[in-house]
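So you can see what is in the structure, the chains are spelled out below.
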Amino acid sequence: MLVKQLLALLAMAAFASPALAHKASDSFLYVDMDASEFRIDIALRDLALLVPLDSDGDQKVTGLELRAQRSLATQTIENAITLTSEQGACSIRGQAWGLSSHSDGPYLATQYQIACPNGERPEQIEYSLLFDRDNLHRGLVQITSGDARSLTVLSPDKPTVDLTGGAIGPWSTFTTFLYEGVVHLLIGLDHMLFLLVLVLPATLMPRGQGSQGTSRSLKSRLLQLVGIVSAFTVAHSITLALSALNVIRLPIAWVETVIALSIAAAALNVVWPFLGRKTWKLAFAFGLIHGFGFASVLGDLTGGVSNLAIALAGFNLGVEFGQLGLLIIGFPLLYALAHIRAYQRFMVPLMLIGVGTISLMWVAERAGSI
Amino acid sequence: MTSSDRKSSHRTQKSLHPVFSLPALRRGGAFWIGFGALGLLCSSLAAAAPSPIQSDFDDDMVLVTLPASAPASDRVPSSPEAMAREVQKLISEARRSGDPRFLGYADRLFKQQAGQALTDELLVLRATLAQSLHKFEAARQDLNTVLNRSKAPLQRAQALVTLANIELAQGRYDQAKPFCEQLTEERPGLIAASCLAQVAARTGGAKPAYKKLAATTRFLRRANPQERMWAQGTLGDIAAQLGQSSAAEHWQQVLSQNPDDLYIRAQLADWYLQNGKPKQALAATEEYESVDNLAVIRAIAMRQVNHPNAQALASRLRERFDEALWRGSMLHQRDLARFELDIEQRPENALQHAMANWDSQREPQDTRLALRAALAAQDNTALSQLRDWLKQQNQFDARFPEES
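Protein chains in written order, with our numbering: chain F, 1 to 370; chain V, 371 to 774.
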């Protein structure tokens, strides 16, 4: 009996510090990413707003009263916390339950094991405890991952926190970069113009065939197109990868100047094939330099990305998708136009002059910044 | 300025209900400063391992005593009047106890009403709450709305006093003065007289302001007790500004009527500290360790007298401020600055918090702390910024450190 009283006294000493501070309401959440565990401490005072802890109404909560409400308290806490991984909601399993203390008094502390689908790491924690009772309530979160420890705060305005500390999962890295690849191709006028110039020969009637050009079938034109585009794709994929993985690095100002030059040269080559009539060879050769251009954009985007290979794959595929989309819309259009007499005589030369002029202006501009 | 804060204390008055904020709370610094950012920065702070979970506790042990006035449920008040009563009760409780949880409960009531039109009374209360949370702009907005639309004398007076006090607390004396004058017109009395005295005292006219307010107080002896206490608090502040020992008497008078006037209590305790009476400071702060600003003053006093519990209190305060930094809402920035300066003896840290606080609050205590921190940190830029401002306002205060 005496021992029990003594223990009670010691416990009192731990929890009833001389004067408990007044502070706004905070819960403390400690997330251990390595052990896949978390602990939540909630002030007994705050818990009493949600769970009838003081069953005898004497304004005092005893150990017995707290124990009596254990399951309701646990349920309340668990309902207010959602942990999710990429694949969905994670389950939690209680490991320890008891008291702890913070600067303003006694807290109920509960330790949980986190289990996410397929053994993944949790990515997010969502928290809503007490927000509907106390607008100044906050969840103070400490995330431990390896040696890194970060602190953050959950509030009614920001009830969700990213546990991975900004690192994104592989899938979202991939989709993000896929999107960036598409966007870059579509807004990067130089690649689009280069593609146009490459595609033009496939729409032209060979000389002397005149209006009987039908002898050259759509099938062979499509094959020619596939060859050109594949050569361009393979070439820029090679240099994009080499550059992104830091095997080769070229000064970007040079690369951009040469890209502009390549457009002018390809345009000239349509009229006067000084680089040969095999457009696919041209596409391959110039594709190599365009790959370095893509790589510089990718480099700007991959600042904090951990999985560079996935980013690279996503970006490259994105560029191809963008390219394919352009061709699906652009080629039928050009092919249809090719049946108009004026196409070959006026429109193509006009396009070539336009593209050539623009690209030479770029050359001048970009060479200036070398 | 006692008045601004002090008013807080006197606010329990029935007729002129709370205008001020919870003293312990308002003394701090800018609210939400670096919310989040700060939290992330201070990973070294509270990030130590949490205290272990203790599963073995006795059934008979009283774990915690719940405050009697905590809201019983999350129900919505039945009428604006019922809500006003509830909000008022919560704000008064926050002010009386220095416990900011009650402000959170009150804030929730307003969140429930989001988007609905509020009565004048509720707008004034919402402004009072905003002021307590250092959201001065939001408070100004609500109060101006009341002044523009309301004809109810009580709400208008309340709005005027609160506006004047916000301006006084922020050191915007030109803006405060017209509110004090309008208050004198609409509701003459000791509160209006205190308001004008405060403005005059902070802008070079402390001596005549004291004399005039003391005379008015004698003349209006039969004013209601709250108004008289308000004037006493203001007289105490101006006396302290003038370096007169009568300051303590004025404040003691207030405390004899209302021991839980935390603002006046802190003023008095600090006055004892400044005048080399740490034992009296200890007595004045006894049983008020739960309130940050009183606890900091107490810790300094304990240190001065080599009190056996000095270390223990300092380390409890350290834990509190670490948690506050993690949370990121620096409601008590001024207390933290004081703690850094006088207990931790880290003048650079102190100066940083003192100046951040001084950006939003410029009562003499705020300015004094910033001056002391700037001197200790030997930061001439901060020092000349503070002194230039004081010169502009023509503000003199015996509590400020000597020019060096």
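Calculated from the structure, these hints are not laboratory results. From a predicted model like this one, the values you see are computed outputs, not experimental measurements. Please note that the accuracy of each hint is not assured.
Stated by the list, open to error - Only pairs whose alpha carbons sit at most 25 Å apart, straight line, appear in this in silico DSS-like list of lysine-lysine:
1. Lys60/F x Lys459/V
2. Lys158/F x Lys459/V
3. Lys481/V x Lys158/F
Hints and how they fare:
1. Lys60/F x Lys459/V: The given pair, whose Cα atoms are some 22 Å apart, holds under the 25 Å limit.
2. Lys158/F x Lys459/V: Outside the cut-off at roughly 29 Å; violated.
3. Lys481/V x Lys158/F: holds (16 Å)
Violation of the numbered hints given earlier is confined to hint 2; every other hint is satisfied by the structure.
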